[in-house]
Structures are given as structure tokens and as C-alpha cells.
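Enquirer: Here is what each chain is made of, one letter per residue.
Protein chains: 2
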Amino acid sequence: MAELSAESGIPVATIKYYLREGLLPAGERTSPNQARYGEEHVRRLKLIRALVEIGGLSVATVREVVAAVDSDRAAYNVLGVMQRALSGAAVDVAGDDREWALELLGPLAREHGWKFRDDDPVVESLVGTVCTIRALGHQVLLDQLGRYADLADRIAEVDLDTVAAVGSMDRIVEAAVVGTVLGDRLFEGLRRLAQAAETARRYPEG
Amino acid sequence: MAELSAESGIPVATIKYYLREGLLPAGERTSPNQARYGEEHVRRLKLIRALVEIGGLSVATVREVVAAVDSDRAAYNVLGVMQRALSGAAVDVAGDDREWALELLGPLAREHGWKFRDDDPVVESLVGTVCTIRALGHQVLLDQLGRYADLADRIAEVDLDTVAAVGSMDRIVEAAVVGTVLGDRLFEGLRRLAQAAETARRYPEG
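Taken in sequence, the protein lines are chains R and X. Going by my numbering, the residue at position 148 of the first sequence is 148; the numbering climbs one at a time, nothing skipped. Going by my numbering, the residue at position 23 of the second sequence is 23; the numbering climbs one at a time, nothing skipped.
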């Protein structure tokens, strides 16, 4: 375990915690006090750390995601599990607000050929977000929903090109996890730089 | 305060917590046990809740963001403070890895006309993200950096159109906060739906 820690750069106490929490499979026991860990353990540790530190995911969410990566399900289904695990806590919205949000998002989804089920956690999360935006009086943001949706389609193409560029099937699922969690952060960063540049262009007084 | 709670839908205990933490300005005292709260308090409460619940920001970050919103600085500077507050905890990267990341990101930023300072927290955060992606062996994601950057420019245009559609100056700053924090979540949700549709198109076996 000391070697695993040295190789991955993750403290022994943290590795023990990940083992206890079921994020990392146990090593092959070689004596009562020793276990052998392989390349796969180093790889998995790096993935866990990325999901926690860059992705900001909770240990419970990471557990769900790695269980999906390890399952024998078809890639399509694993991606579904992962997307649901990553969609985050939704704000609870009911009644008229919920109806309004579904009527705003449903036609948009159909127009873009997106599956749209109102019990999908991704949809739940979007419903919470658009209702909050409206409650804050920032409808102007929602007026741009169509333009954002067009660009989301363009980004998804790049995302899937990335996934497809990975060879083997079990790497594809991991690539999708990395692409989703780290891809969000990566794009957020680029968007910040682009926003700053666009702000400077439009409001040069700064 | 009971009325403020009823109006905003936020429990009295939470409002007291926000007051103690300096997120919400005190009401106008009308007697030793009573204070008057106005429309602005309701509005600010909704903003705080959105930043915490949808944006997932810590109380400390929300404090920084609302202080920037309340400051008299020019819009350009407020947006800068906010962007820095929102750029999140970076993974510490030093030495060769850091050099490599800066050489990857610097030319990209120049090409897109983005300001690029290596002590900018947005840049720090990007450096951490690209180094982690490389450490995980997912360079294919970085091969697409140029396409992501092009789309980031397109998104930033829509983002700033939204901000510009808001009339008054103090609403512009709030709009930028909402647009950044809730805009990230909104776009993440749309990207998930678009990814799922693109996945189904490319891997129809599911």
C-alpha cells in the first residue's frame, strides 16, 4: 500500500478510506498484512481523485459512477447511469412552475431530437434551474434557450468524437466519465476566458 | 422576519444564518425586536439561495460574490471579481506539468484574443484540469481543445447578449452572476440531453 501511495501520490489514509467506502477494489492478499495492487489500482485511484477534486463529486456519487464503469452493461446503459449520477441534486419544483418548465423544455427537446422524460434526473435538474432563473426575474437568459441548445448539440458532437477516439470498450466508458466530469470543468474554464474577453470588448471602460 | 420568510420561502433560521454570515444586509430597525425588510431583501434572498442550491457555491464564495455585486466598482471589474470567486479550487500543479499546461493553453488563448495571465485563478483552474486529464491518459480530450475553444467563444457571445438585454447597470451585474452560475448549470443540463441523443445515434445497440 505504501508503494501504491507513492505511485499515485495519494496518502495511505485516503487510500484506506476509498477501500472502506468501496470505491477501490481490494488488492490481492499475499500475507495477513500485505496485499498486491496492480496498474488497475493506480489508474482507478487517479480517476477517483479527479472525480472528487476536479469534478467536485461526493464519495457517494463517485461510488455510483465507478460501479457503473465496472458493470457489464452495454456502453449505452452505463452512460445513462453515469449521466443520472452526475445530474446533481435538483431543487424540488411542483405544480404550476413545474408545468411551465416542462412546457418550455419539452418542445425544445423534441426540436433537437433529445429524449425527454419528466422523471429523468437530468430533466428534473433542468426544471429546477429554469424555475430558479424565472423566480429571480432573469427571463432574458431563458430567451436564449434555443441558441444554447444549438450549441449544446455542437458540443455533444465534439464530446462523442472524443469518446469514439478511444479504442477499447472498457476505456470508452472511462473516457465518457472523464469527458463528462472533467469536460464540464474544462469547458467552464474556456467559457470564463471567452466571457472576460467578450466583456472587455463590449464594456471597454474597465 | 416571519413575513420575509413567507415571501421568500426560506426558513427563519436560514435567514438568521445569512444575516450572521453577512450575506444579507440587516433590516431597518423599527423596535428592539422588529426590523423592516424590503423588496431588496426578498430579491437578495432568492439570489443567495440560487447560488447555494443551484450553483453549489459555498457560503464564503457567495459572500465574495454579493460583496462584488454591492460594490461601486465598474461593471468590468465586478465581473472580474466574480469570475475569480467562481473559478473554484484549483488542483496544485507545479514544475514541468505546469509549464506543459501553460504552453498548451497560452497559444490557444492568444489565438482567441483571450487575456491570459498565469496568476489568474481561472487559468490556475484550467491548468489543474488539463494536467489531470493528461495524468488519466485521456489526451484525446485535449486534442479537441481548439474545437471547444471555438464553441466557448460562441457561448460567450450568447452570454453577453443576455447580459446586455438587461436594462439598468445594477441589474447587469446581478444578471452576470445569475448568467454565470445558473448559466453553467443550464448549459450542463442541455449538454447532457444532447450527449444522450448523440450517444444513442452512434451506439444504437442500447
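Hints are supplied without guarantee of correctness; some may be wrong.
Identical copies look the same in the list; a pair holds intra-copy or inter-copy alike.
Stated by the list, open to error - Straight-line C-alpha distance at most 20 Å; calculated DMTMM-like pairs for lysine to aspartate or glutamate:
no., residue 1, residue 2
1, Lys46, Asp92
2, Lys16, Glu157
3, Lys16, Glu111
4, Lys16, Asp161
5, Lys46, Asp97
6, Lys46, Asp119
7, Lys46, Asp96
8, Lys115, Asp70
9, Lys115, Glu3
10, Lys46, Glu3
11, Lys115, Glu103
12, Lys16, Asp143
Bear in mind the hints are in silico, worked out from the structure with no lab data behind them.
Enquirer: Quick one: lysine 16 to aspartate 161, C-alpha cut-off 20 Å, is that within a copy, between copies, both, or neither?
Expert: neither (36 Å within a copy, 49 Å between copies)
Enquirer: I want to check one pair: lysine 46 and aspartate 96. Are their C-alpha atoms no more than 20 Å apart within a copy, between two copies, both, or neither?
Expert: Classified as between; 19 Å across copies, 45 Å inside a copy.
Enquirer: Up to 20 Å between alpha-carbons, please classify lysine 46 paired with aspartate 97: within, between, both or neither.
Expert: So lysine 46 and aspartate 97 pass the 20 Å test across copies only (16 Å; inside, 42 Å).
Enquirer: Checking an output row: lysine 115 and aspartate 70, CA cutoff 20 Å. Within, between, both or neither?
Expert: Result: close neither inside a copy nor across copies, 26 Å intra and 42 Å inter.
Enquirer: When Cα atoms must be at most 20 Å apart, do lysine 16 and glutamate 157 count as within-copy, between-copy, both, or neither?
Expert: Neither: 39 Å inside a chain and 47 Å across chains, both beyond 20 Å.
Enquirer: Is it within a copy, between copies, both, or neither that the alpha carbon of lysine 46 lies no farther than 20 Å from that of glutamate 3?
Expert: within (14 Å within a copy, 50 Å between copies)
Enquirer: Pop the pair lysine 115 and glutamate 3 into one bin, within, between, both or neither, using alpha-carbon distances up to 20 Å.
Expert: For lysine 115 and glutamate 3, the Cα distance exceeds 20 Å both inside one copy (46 Å) and across copies (42 Å).
Enquirer: How would you label the pair lysine 16, glutamate 111 (within, between, both, or neither) given a Cα cut-off of 20 Å?
Expert: neither (49 Å within a copy, 45 Å between copies)
Enquirer: Since the copies are identical, ignore which copy is meant and state whether lysine 16 and aspartate 143 lie within 20 Å (CA to CA) inside a copy, between copies, both or neither.
Expert: Cα proximity of lysine 16 and aspartate 143: none, with 49 Å in one copy and 35 Å across.
Enquirer: Using 20 Å as the alpha carbon limit, work out where lysine 115 and glutamate 103 are close: within a copy, between copies, both or neither.
Expert: within (15 Å within a copy, 40 Å between copies)
Enquirer: For lysine 46 vs aspartate 119, is the C-alpha pair at or below 20 Å within one copy, between two copies, both, or neither?
Expert: neither (33 Å within a copy, 26 Å between copies)
Enquirer: My question is about lysine 46 and aspartate 92: at a cut-off of 20 Å on alpha-carbon distance, are they close within one copy, between copies, both, or neither?
Expert: Between. Shortest inter-copy distance 15 Å satisfies the 20 Å Cα cut-off; intra-copy 34 Å does not.
Consistency note: the structure conflicts with the earlier hints numbered 2, 3, 4, 6, 8, 9 and 12.
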